[in-house]
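Visitor: These protein sequence lines are chains W and G, in that order.
Residues in the first sequence are numbered consecutively from 12, following our numbering.
Residues in the second sequence are numbered consecutively from 213, following our numbering.
Derived by calculation from the structure, the hints in this document are not laboratory data.
Just so you know, not all the hints are guaranteed correct.
[To be verified] Simulated pairs of lysine to aspartate or glutamate, DMTMM-like, Cα-Cα distance not exceeding 20 Å: (1) K292/G to D276/G; (2) K233/G to E83/W; (3) K233/G to D367/G; (4) K233/G to E106/W; (5) K233/G to E139/W; (6) K321/G to D141/W; (7) K233/G to D140/W; (8) K113/W to D140/W; (9) K113/W to E94/W; (10) K321/G to D457/G; (11) K142/W to D163/W; (12) K148/W to E124/W; (13) K321/G to D100/W; (14) K148/W to D177/W; (15) K148/W to E106/W; (16) K142/W to E171/W; (17) K148/W to E322/G; (18) K113/W to D163/W; (19) K321/G to D469/G; (20) K148/W to D163/W; (21) K113/W to E139/W; (22) K113/W to E124/W; (23) K142/W to E412/G; (24) K148/W to E94/W; (25) K233/G to D141/W; (26) K142/W to E106/W; (27) K321/G to E412/G.
[What the hints assert, rightly or not] So, partial list: chain W residues that the calculated Cβ filter (under 7 Å) puts toward chain G: (28) R101; (29) T103; (30) E194.
C-beta: ideal position from N, C-alpha, C; glycine also.
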Amino acid sequence: MSRIEVRSLCKNFGPRTAVEGLDFDVAAGEVFGLLGPNGAGKTTTVRILTGLLRPTSGQATVCGVPLDGDGEMLRSRVGLLTEQPGLYDRLTARENLRFFLKLHHRDTPDSWEAARRWMQRFGLGGREDDKCGNFSKGMRQKLALIRALLHDPQALFLDEPTSGLDPESARAVREAVGELAAEGRTVVLCSHNMAEVERLCARVAVVKGRLLAVGTVPELRRQTGLVEIHVEGSAGAAGEALGPVVPPCVWVAEGHVLRVTLAGGVSIPDVVALLAGSRVRIHAVLPAQRALEDVYLELTRGSETEAT
Amino acid sequence: MSFRLHRALAVTWKEALDLRKNPGLLASMLALPAVLVLVPTGVVWAWLRHPDIVTFRSMALYYDPTLPLNADPVRFMIDKLVADWFGIFLLMPVFVPILISSQSVAGEKERRTLEPLLAAPVSASELLLGKSLASVVPAVAITWLSFAVFVVAVDAVAWPLVQGPVLPNGMWLFGVGVVAPLFAFLGNGLAVLVSARVGEARLAQQLSALVVLPLMGLVGGQLAGWIRAGTGYYALQGAVVLVLDILLVRASVRLFDRERLVSRWT
């Protein structure tokens, strides 16, 4: 059963549409990536799903609570790491965490002990009574993440969780995310770090106001057609045979390998037929995978072209 | 969403900690009470050092032409000063919550702490009550403490002449006990309302502080002899402020909508 179900979700701010027609599901124990350029509606989506904003239309259920249901229950079941850590600088780390434990009615020695264990794990052990105003950006980010975990949420929404962290701390956070998912928690991760998304996320949604694509990383990499054609002789010469005939397709030659990005309704048989017609001898035709970053850029740029 | 007092008190706890660690704000909060206690005490002390009976009688007759010949004009003027001073003393319960609430409400926006807070299971009314308590309680406590110091100081200075206590009297006890808390709610309500509209704590303080202008105008009227201050007069002020308090609470509850706060303030 899905932990998060999103159906036709829309949000307008006055005449401006922030998100439109979002549909996706996230399972329990899944790490789900939410990718998109700045202003694409990722933060708005997260705010809606954490009960901070009301959708203009559409519906979603998070941890079994519909968005138009009990907001208090929803917020007690989700944890949110915001883009800005949002700590109280004059308060110590302990006071910052205790405040949120009090709000969740969990200001008990056991909960504090759990918080202390997280602090130890993220290298903040012994800094409990230091003012947060004296913390570095990375320390603040880690403390904000601990704050999001304090109340044992079923679903976690993390906005750029490793932003500003040194490699060691970033790895600790990534490992923690993996463990939280293994414990059955759902993690929604907003990030611009493609390597992190590829490493952590089982599935990814690319949004830009609307949903551009959703699937596993290998599915997304295959979604935009890239084919690798092994030819006899120069791949560059073979590519020349394609250029004037199928202008929407882009090709790159490297030795005997011709990589063709399919576009404009042109299919693999069309390309093969063109090459064969030009007397190019073909040894193999293989579907190729592209870097997630390339897929992401193509999807988001493609949506710009459609919009214009 | 059900109202839980423990969450409102958690907000108050956090605000109190934050206030305790803000020496600049604490100094601002204590400066006004010091002035409001020292100035009238100094005036009474100066009057009694060289009491010029003729001048005092002239001043007393300006304010009360029916003053009996056998009445002590210095005592009359001391009583008049103390009664009028309560109008200025009310600046304290208004101003202290403005200082605190502007920091705690608009300050949440400046420090970008509002979104994590609203993502916790705390309702707008719990947040509002928690923040209001953290501002009104210190304001009323400071007012009462300052009143106690003022009573001791004025009585100590005036004792050689009047041979008895000038304060506390019924008007001041009623004023400090009933009217001052109502004014504290007024200052808090205005600061919350203005803070929700503007982006900076300092601007919120400056705009909210404009409320002192009508109060100063009323005190001006008292000094000019147009308004005679007394228990009835301050009770009337309290009644007007009570109505304003109710209106401000209703407006603040409407304004403290989670969606409005998130989309405006984050």
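Visitor: Would you mind marking each hint as holding or not holding in the structure?
Guide: Hints, one by one, checked against the model:
no. : hint             : result
1   : K292/G to D276/G : holds (10 Å)
2   : K233/G to E83/W  : violated (31 Å)
3   : K233/G to D367/G : violated (35 Å)
4   : K233/G to E106/W : holds (12 Å)
5   : K233/G to E139/W : holds (17 Å)
6   : K321/G to D141/W : violated (23 Å)
7   : K233/G to D140/W : holds (14 Å)
8   : K113/W to D140/W : holds (18 Å)
9   : K113/W to E94/W  : violated (23 Å)
10  : K321/G to D457/G : violated (24 Å)
11  : K142/W to D163/W : violated (25 Å)
12  : K148/W to E124/W : violated (24 Å)
13  : K321/G to D100/W : holds (13 Å)
14  : K148/W to D177/W : holds (10 Å)
15  : K148/W to E106/W : holds (18 Å)
16  : K142/W to E171/W : violated (23 Å)
17  : K148/W to E322/G : holds (17 Å)
18  : K113/W to D163/W : holds (14 Å)
19  : K321/G to D469/G : holds (15 Å)
20  : K148/W to D163/W : violated (24 Å)
21  : K113/W to E139/W : holds (17 Å)
22  : K113/W to E124/W : holds (14 Å)
23  : K142/W to E412/G : violated (23 Å)
24  : K148/W to E94/W  : holds (12 Å)
25  : K233/G to D141/W : holds (13 Å)
26  : K142/W to E106/W : holds (9 Å)
27  : K321/G to E412/G : holds (8 Å)
28  : R101             : holds (4 Å)
29  : T103             : violated (9 Å)
30  : E194             : violated (21 Å)
Taken one by one, the earlier hints fail for this structure at numbers 2, 3, 6, 9, 10, 11, 12, 16, 20, 23, 29, 30, listed in ascending order.
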